[in-house]
Structures are given as C-alpha cells and as structure tokens.
Amino acid sequence: MTRAGVVVTGLGATTPLGGDVASTWEAMVAGRSGVSALTQDWAAQLPVRIAAQLAVEPSEAIDRVKLRRLDRAEAIALVAAHQAWADAGLVDAGVDPERLAVSVGTGIGGAMTLLHQDDILEASGARKVSPHTVPMLMPNGPAAWVGLEMGARAGVHCVASACATGAEAISVGLDIIRSGRADIVLAGGTEAVIHPLPIAGFASMRAMSTRNDEPEKASRPWDKGRDGFVLGEGAGVLVLERAEHATARGARIYARLAGSGITSDGYDIVQPHPEGLGATRAIAFALRDADVAKSDVMHVNAHATSTPVGDMAEIAALHAALGEHPVLTATKSMTGHLLGAAGALESIATILAIRDGVVPPTINLDDPDDGLDLDVAAHKARHMEIPAALNNSFGFGGHNVALVFTRP
Amino acid sequence: MTRDEITAGLAEILEEVAGVNPDDVAEEKSFTDDLDVDSLSMVEVVVAAEEKFGVKIPDDEVQNLKTVGDAVSYITKVGS
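Protein chains in written order, with the working numbering: chain A, 1 to 408; chain B, 1001 to 1080.
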C-alpha cells in the first residue's frame, strides 16, 4: 500500500515581525529585526531587558470578553489558526469534523495565567482566583481551543518538547494523516511568556543575550559576538492536508511536507550534544523518510538560536548529514526565539522560501565564528531555486526534529 | 439600594464578565437561558456581585439564582 502524501494548503502566523504571514514574510525577506527594549516597569530590575514582542496585539482580532478566558498563548494560537483556516479556503468548504484533527503545541503553556492568578491568590485570596484559570494554563489549552473553534473531532493533541515543539507538532500532524485518521490537521505551535519569571529563569541559566543597549543586534546566530538567545512570542499554524483530498477540492498547494525525523540526544537535560549527533541522525531520518536526495536540499532554516554551543553543534550536524551545498539561514536573528512556536514559524519561512525561491537573510552575522564553514545568506536575502529544504528544531531535554519540505 | 439600582449594578458586572448588553438585563431574564452566561462566568458574576454589593452569596445559594430578579431579591434580603 502506498503511503498518503501530505501537502501544506494554508498558513497562519502572528509574530514579532507582523500580525499575519504576509507581513511577517515581507519583513523577514527585508531583514528587519523584531527585537526591542522592554519598557515595562518590571523589566528594569532584570538582567535581560530586551525581547521580540508581538507586532500586533491579539486584541486586534479577538474581542475583550473572549480574551478574558484565553491565556495569551491560546489567543494567538487562535489568531494563527483562523488565518491558516481561511488561507486554505476552508471557511465554507464543509470540512468533515470527524476527518479534522489538531496538533498545536506549546513549550511552556499558560505560565502568564499561572503567575497572574498566583498574584491574585496572594493578594486577595482563593475566592478571587478566576474560574477560567485551569483551562487557561493547561498546556493543551491552545490545541483544545483551536479544535473547539474549527470543530475538530478526529483528535486534539499538544506536543511539548521545549524549543522543538512547533516542529514536532507538525511531525505529529504528518503521522496522523499518514495513519489515515484525518484528512486535514491544523498543526503548529504557540508561545507567550514574556514575563519577569521566565526571563529571570532563562537569564539565570546564562542562556539569554544581555545586549540590552542594542536590541536589534542582540540575536546574532553564528556571529563571534553572540551571547545567547532573545526571547520572542508568537504563534504559527499550518494546514496539513492529505494530498488527494487537497487536489480533489482544488486547493492551492504551497509545498509538500515530504518527511520528518525525530531523535533524542540522551546526553544532557539542556546542553545539546557538542557534535550534534542526535541532530545528525534526525536529519538523516528525515531525508530517508522523505525519499529526498541530499543534493536536492538546497536550503536549511537552521535552529541557530544565537547561543555559543548550540549554533556550532548544529553546523557539525549539517556537515555530517547534508554536506556543504545548502544555503543556510537563521531567521531567529530577526524574530528572536519563539520557543514552542519557533518550529512552526520557521516551517512557514521554509515553505515560503521554496515557493518564492528566496532564502531570507541572517542579520547581524558581522563576524562569523571561525568554525562556520557553510554558506549562510548573511545580511541580505539570496534568490535561488529551492527544490527541497530542511527545517531543524532542537529543544531542552535533548529533542531533535528535522522536517523536509519540497515543491508541490 | 432599590431593586433597579441592583439590577443596573448586575448589568455592569454582566457586561464586564460576559459581554452581555446592559439593555438585555431585566429581572425576568434567566442568566443561562436568556443571557448566555455559562457556569464559569456565573462564578465570576457571583464573586463580583459579592464585592460590589458587600454581601456573601454561598455556593449552595447560587443554584437558586436562576434569574436576575432572583439575584436582586437575594441581595436585597441579605444586604439590608
């Protein structure tokens, strides 16, 4: 029996670069930074006072009363999902709910709600804690809300694999369609934890950039001056669809999700394997799963978060698994690190790179690390034919996910 | 406080918590059937009403408050 092909027919996102996919992609190709200073009072006492905050608040798309019962991560997942749904032409398409599933993950979940309600508990007592607290903070909340609003009845899933979440959620969506359980899966990730506690926690790990005086230059993957990642917030959702289903309804097809590879390092709870062994295996598995030749993979949207160790471990993995021909980029140089949404946003960037034949730039790569011996689209977008491309995502816990997209 | 003043106060809470149009709030209206206030929002309405009117509304009393008028009567009774 031949395996079902899976294609991407809709995209949605709200990011530090724009409130939708079109504005985000335009800013990305132009090399604009979404990082800015945190001017909130609470930021003053923190070692890190920069972040990549949403360009458009969810209140622009969702009414006040509804927002009261949504964690910010849930709200933006809904914004992205509705965009993707409309983009795929599904609003009036009569989708069979029993053939529709959701796979939307989050790295941290409703931490903003948890912390806010804890403040209320401390200040005013248990009776004042919102009855919406639990459905707002539960990590499966974003997936559940998307499923509720779109009427999905073939299963709603929340993957949590830290910074690999978005990519792993897409991989789960691929598996669901291949298994025959659904024809359409809304898949992606969401994250909104720009709050003093998560920032303090990451900062205590010395994982974040403290280039507070130059926010737009703080995220600088592979540059010698990199000093950690910049926290971002946002959501990205893809409509994955069984290829025959998409063709039968005459859907516009962005790309094929040809394959995925997932491994775990088994090495350290937060450090990546220094030689990127787990990442190398994930990429190799993804190529085999996709039945795509290395030579066709002309572009890689790298995980590259701007941390000293992680960036170069990935270079080692790419060398080992692919060779020297692909053109790399690190779009986190512009978007910051969206944690559980990163893999979803970067999959969208990878898909649009294939469609438009353009690799978005890696900004701030002024002084490349001595070990960087692969071709990076530094500073400016690179126009080129891209038959197939790879998106890497890795996460605390030793999660490695590689996704292969190809032209339709 | 008159019954009308309490009804107006409840209307403010219902608008804030559940997005109910204040013009729709009247004593004969049912919270769930007419005003679409679900069970979690009803909890918020009760807590906000306790604060606004300086009363205690025990959980086992809430199930008896089917209509806005029921709530007005209860608040009038225990608040005086």
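Careful: at least some of the hints might be erroneous.
To be verified - In silico BS3-like links for lysine-lysine, alpha-carbon gap of 27 Å or less:
| id | chain 1 | residue 1 | chain 2 | residue 2 |
| --- | --- | --- | --- | --- |
| 1 | B | Lys1029 | B | Lys1052 |
| 2 | A | Lys380 | A | Lys294 |
| 3 | B | Lys1077 | A | Lys294 |
| 4 | B | Lys1056 | B | Lys1066 |
| 5 | A | Lys66 | B | Lys1029 |
| 6 | B | Lys1029 | B | Lys1066 |
| 7 | A | Lys66 | A | Lys224 |
| 8 | A | Lys128 | B | Lys1077 |
| 9 | B | Lys1066 | B | Lys1077 |
| 10 | A | Lys128 | A | Lys66 |
| 11 | A | Lys66 | B | Lys1066 |
| 12 | B | Lys1066 | A | Lys128 |
| 13 | A | Lys380 | A | Lys217 |
| 14 | B | Lys1077 | B | Lys1052 |
| 15 | B | Lys1056 | B | Lys1077 |
| 16 | B | Lys1077 | A | Lys66 |
| 17 | B | Lys1029 | B | Lys1077 |
| 18 | B | Lys1052 | B | Lys1066 |
| 19 | B | Lys1056 | B | Lys1029 |
| 20 | B | Lys1052 | A | Lys294 |
As the list claims (entries may be wrong) - Some chain A residues close to chain B (C-beta under 7 Å, calculated; not the full set):
| id | residue |
| --- | --- |
| 21 | Val129 |
| 22 | Pro131 |
| 23 | His132 |
What the hints assert, rightly or not - Counterexamples of contact, computed for chain B against chain A with all Cβ distances above 10 Å:
| id | residue |
| --- | --- |
| 24 | Arg1003 |
| 25 | Glu1044 |
| 26 | Val1078 |
FYI, nobody ran anything at the bench for these hints, they're computed from the structure. All residues carry an ideal CB built from backbone N, CA and C; glycine is no exception.
Each hint, compared with the structure:
no.	hint	in the structure
1	Lys1029(B) / Lys1052(B)	20 Å, holds
2	Lys380(A) / Lys294(A)	25 Å, holds
3	Lys1077(B) / Lys294(A)	78 Å, violated
4	Lys1056(B) / Lys1066(B)	17 Å, holds
5	Lys66(A) / Lys1029(B)	22 Å, holds
6	Lys1029(B) / Lys1066(B)	8 Å, holds
7	Lys66(A) / Lys224(A)	46 Å, violated
8	Lys128(A) / Lys1077(B)	24 Å, holds
9	Lys1066(B) / Lys1077(B)	16 Å, holds
10	Lys128(A) / Lys66(A)	19 Å, holds
11	Lys66(A) / Lys1066(B)	23 Å, holds
12	Lys1066(B) / Lys128(A)	22 Å, holds
13	Lys380(A) / Lys217(A)	15 Å, holds
14	Lys1077(B) / Lys1052(B)	15 Å, holds
15	Lys1056(B) / Lys1077(B)	11 Å, holds
16	Lys1077(B) / Lys66(A)	33 Å, violated
17	Lys1029(B) / Lys1077(B)	20 Å, holds
18	Lys1052(B) / Lys1066(B)	19 Å, holds
19	Lys1056(B) / Lys1029(B)	22 Å, holds
20	Lys1052(B) / Lys294(A)	68 Å, violated
21	Val129	9 Å, violated
22	Pro131	4 Å, holds
23	His132	6 Å, holds
24	Arg1003	26 Å, holds
25	Glu1044	6 Å, violated
26	Val1078	17 Å, holds
Checked against the numbered hints above, the structure violates hints 3, 7, 16, 20, 21, 25; every other hint is satisfied.
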